[in-house]
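K.L.:
Fit chains F and D to the supplied structure of chain R, relying on the hints for placement.
These are the residues of each chain, in order.
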Amino acid sequence: MNRVIRIGPVSVQVSPRAGLMTLLIGLGIIFACAIALRAGSFPMNTQDVLAALTGDSDPMHKIVVYDLRLPRILTALGAGAAFGIAGAMFQTMLRNPLASPDIIGFNAGASCGALFAMVTFGGFVLLGALIGGALAAMLVLVLSWQNGLHPYRLILIGIGVSLTLSAFADLLITRMDALTAADMAKWLIGTLNARSWADVIRVTVGLGLLLPLIIWLNFVLTRLSLSDETATGLGLAVSPLRLTITAAGVALVALAISVAGPLPFVAFVSGPIARRLVGHGKPALLAAGGIGALVTLLADTASRLIPFVSLPTGVFTAIIGAPVLMWLLLVQARKGNII
Amino acid sequence: MTATPDILQSKTAMHASASDHRKLGLALSLMALCLLAPVALSFGMRSVDWTQIWSALTAYDPTNPDHVVVQVIRLPRFLSAVLAGAALASAGALMQGMTRNPLADPGLLGVNAGASIGVVICIWILGVSDPAQFIWIALGGGLAASVLVFALGSAGRGTPAQLILAGAAVSALGLALTRGVLLISQQTLDVYRFWVLGGFNGIELDTLAALLPFFAVGGIATLFAATTLNALSLGNDTARNLGVRVGLAQILIGLAVVVLCGATVSLAGPITFVGLVVPHLARKVAGSDMRWQVLLSAAFGAVLMICADLTGRLSLFGGNMQAGVMAAFLGGPVLIWIVRKHGGGTL
Amino acid sequence: MSRFALTVSLFVTSVTTTWADGFPQHFTHRYGTTIVVDEPQKVVSISYIGHDFLLALGVKPYALRKWYGTDAFGVWPWGHEALGDATPIVLQGQLDFEQIAALRPDLIVGQWSGISEQDYKILSRIAPTIAPQVGFGDYGMRWQDMLATLGRATDTTAKAQAIINRIETRFTTLRAQHPEWQDASAVMVFPGQTGAYTARDIRGRFLEDLGFKVPAAINEHPMADNFYVLIPDEDLSAIDTDALIWLDAGGSIPTLQKMPLRPHMTAFKEGREVYASPMLSAALSHSSPLSLDYALDALIPLLEAATDGNPRTVVPSMQKAGIAPAFDG
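Line by line, the protein sequences are chains R, F and D. Residue numbering for the first sequence follows my numbering, starting at 1 and increasing by one per position. Residue numbering for the second sequence follows my numbering, starting at 1 and increasing by one per position. Residue numbering for the third sequence follows my numbering, starting at 1 and increasing by one per position.
So that you can see chain R by itself, here it is in the shape it has in the complex:
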């Protein structure tokens, strides 16, 4: 199944299936982009969109495409990719599909941080979100550490921390007046409304900087996903590696939340879907990133297509993600290998 490619002294194993699937995911993203460019409250047909992209067109069309739709689409892709990769990283490292950053407290931490910053300082909301998310991540990891990082413990403690922080976020939003609370409510669920090129640049640069690390980790994680003994036997320093993966994962989630808010479930669903497509045994980080990007973009486009009520993107990622979680539970349960 796997082919070996030799280039001079270097040989690399590639799987045609993985390559094909990655290509398909890429095509899916391009297709989704096309749909997303056409979707929105501003009435534009395909001709108008193409005209706006290529040059000669109504200035307002250009504004809609370049200042409203493109930044939103690209941010969705970037944030989705970051969430997806981070989720796959944690899931593979902990050998459990349920150990996803958004389930174990990082999102709740970001919500809390953002609201806390607003209540206490009247600003610095983004910084608050980043610090809150990172602190929650640290808290969960430290609390779960007991002679090593046991996945089940991490998940359960993560859920506990998530609930407690959620309660705190609820408390904070009552400490604001009604209008400010309405403005801040988006930090409870995540939204891609009003994205700008600054967001696109931020998420692209962040992903770009982390890309070499991600590619290297992709190779490394395959061996790490076997047991700790096997991994060490294969020459991996397990603990420092786990720390690196954790740091990279937290950085990716923080990046994603900084541009899209705490979107639920994207980090969770991307890994399992990617693994099903690409074949088991591979961490498929890049494929997970692609799936995350695709899911987020589709969710965002769905939220823009529904005319009367403007439900935020986070609702749609939850509508996609929660059933996947439930399905996963059922499938795993039948196989008897859930936890």
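Do not rely on the hints blindly, as some may be mistaken.
[Unchecked claim] List time: in silico PhoX-like cross-link candidates among lysine-lysine, alpha-carbon distance up to 25 Å:
(1) 42/D to 159/D
(2) 121/D to 159/D
(3) 341/F to 284/F
(4) 62/R to 159/D
(5) 60/D to 159/D
(6) 62/R to 258/D
[To be verified] To spell it out: a stretch of chain D is covered by chain F in this simulated footprint if at least three of its residues, at any positions, have a beta carbon under 8 Å from a beta carbon of chain F; those stretches are:
(7) 229 to 236
(8) 256 to 262
By construction, these hints were calculated from the structure, which means they are not laboratory data. Every residue gets a Cβ at the ideal spot worked out from N, C-alpha and C, and that includes glycine.
P.N.:
Positioned in the frame of chain R, the structure of chains F and D alone reads:
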């Protein structure tokens, strides 16, 4: 010949001491309730002296503001806390007993999320803003969510963690939908964000009286259900062999849990962790007899809830930290402690 | 001489550019400067109360942002006359920028809208956007400043100034007519979670413009950053003032009837409470040139009845709501 009486004797002694523990535990908690009652009645922003408290209860004079504070504000608050604490804790004990899962808590298993989405729809679409009117929809939502969680969590092997995860999934979905609606409608946000904290502020005796039948039904169902729990804890097959109708028992327990939790959510909003934490404490004292676990859970739960409420009313917290938030702050760490203690792998 | 003339003429030109009617006009706000080049034909208001201001100036907004209420266009009754038969497009909830772009506005007004800097940058690409003034928070700008700004933006400066003068004079006159209100304590309170508005809030300012003083206990409360402070059930002394106005956003009468300690307040016993119907409460919360007239018309008689020193004088709105104190004999 001589060995047997010794063994018998020591066993009887053990049994006697265990039984003493339980009775002691029960007695202590009832005593604590009796002691906390006057504390709860005297605690608050307004200082009311003991003679006034006494006369408020015995010779109520509606024109006396001190009497009003005691009977109309503090007394319903105290009674609600007792009921809510007892209800949530016994529901938790029932769930932990039935699912043999030390992490079962009605809040963790979707009841609150279901109630929340129901309430949000109630506010958004029906325009209701008085929490006293959320009763039926809170009950309905909670029931729907619990059923879904139980179905998902019991599929296949149905390990304890699987139930929790099913609860997390349903709760997360409910939460996302709820928060989505909040983003659309400012009016809904404005009513919901205060309800969701869960507390005993502003509860009237009338509302309490209206919900009393639910608590009563739940309580009676709990009593019957608890008697079957000892058998159930040995496993479904063993229980059947012992003559327990397992299906019926499970339905009864489910009913008790949903009614108790639904009534509590209607009364005081969503409160998590009480049902998780208290049964663990009760188990230490009650040993393995499930009936005592449930009974002591109820007693300890009432005491804990009152303490949470009183703590929240300290001026340290601005005098109005809702009990639900207090419970989350206390309960979160306890959950973490429980998970760490159990080693994580054996759940 | 020539240099002097040049300087003078430059000075005169700059002064007239800033103060005179006509375009272009420059607006400095918390997110920068906006230039309105020509009189706008299509004005979109994303400010929750901006439409009231525009209508007062005779400008019918092409689209407006509905805050709350049952009106189809989000315009409360005090604005119906000014609205006439115009049918503005209604925006609600989170802003949909594409929807706004599709309207092709000439001017976007957002002085009471909670827009972030990022929102502003995007909106200003669609059309010139006016954001809140520096230093007043998202929802704290004075109505006089908001009206003056909009007057400049829509070439109705004279009208804006006339309205400001008229309403301010009205307040001053009322203040002079009621010396008993000087330094008397008053507060506006919303029941339920029971919160009292501080002097920094527009509602507190309204009272202070009439001569009242919001009590120090409320203004100096640690939570006062929020424009309101929560009042505990057990201790209503902070709001037991010379004039107490209960606001109602809808459905608060049962809450008021059930408040345990309300009948024990001096304000209750001396008939110094005023119940503000949902419409009056909305008028006070909007605090716009159109709603202020209505609010004063409705509230002044009630305040007079409440503060006349005679407990037996019934405040009509209290009686209508069924929460007036009863007197025997």
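K.L.:
If you test the structure against every hint from before, which numbers come out violated?
P.N.:
Violated hints: 2, 4, 6; rest satisfied.
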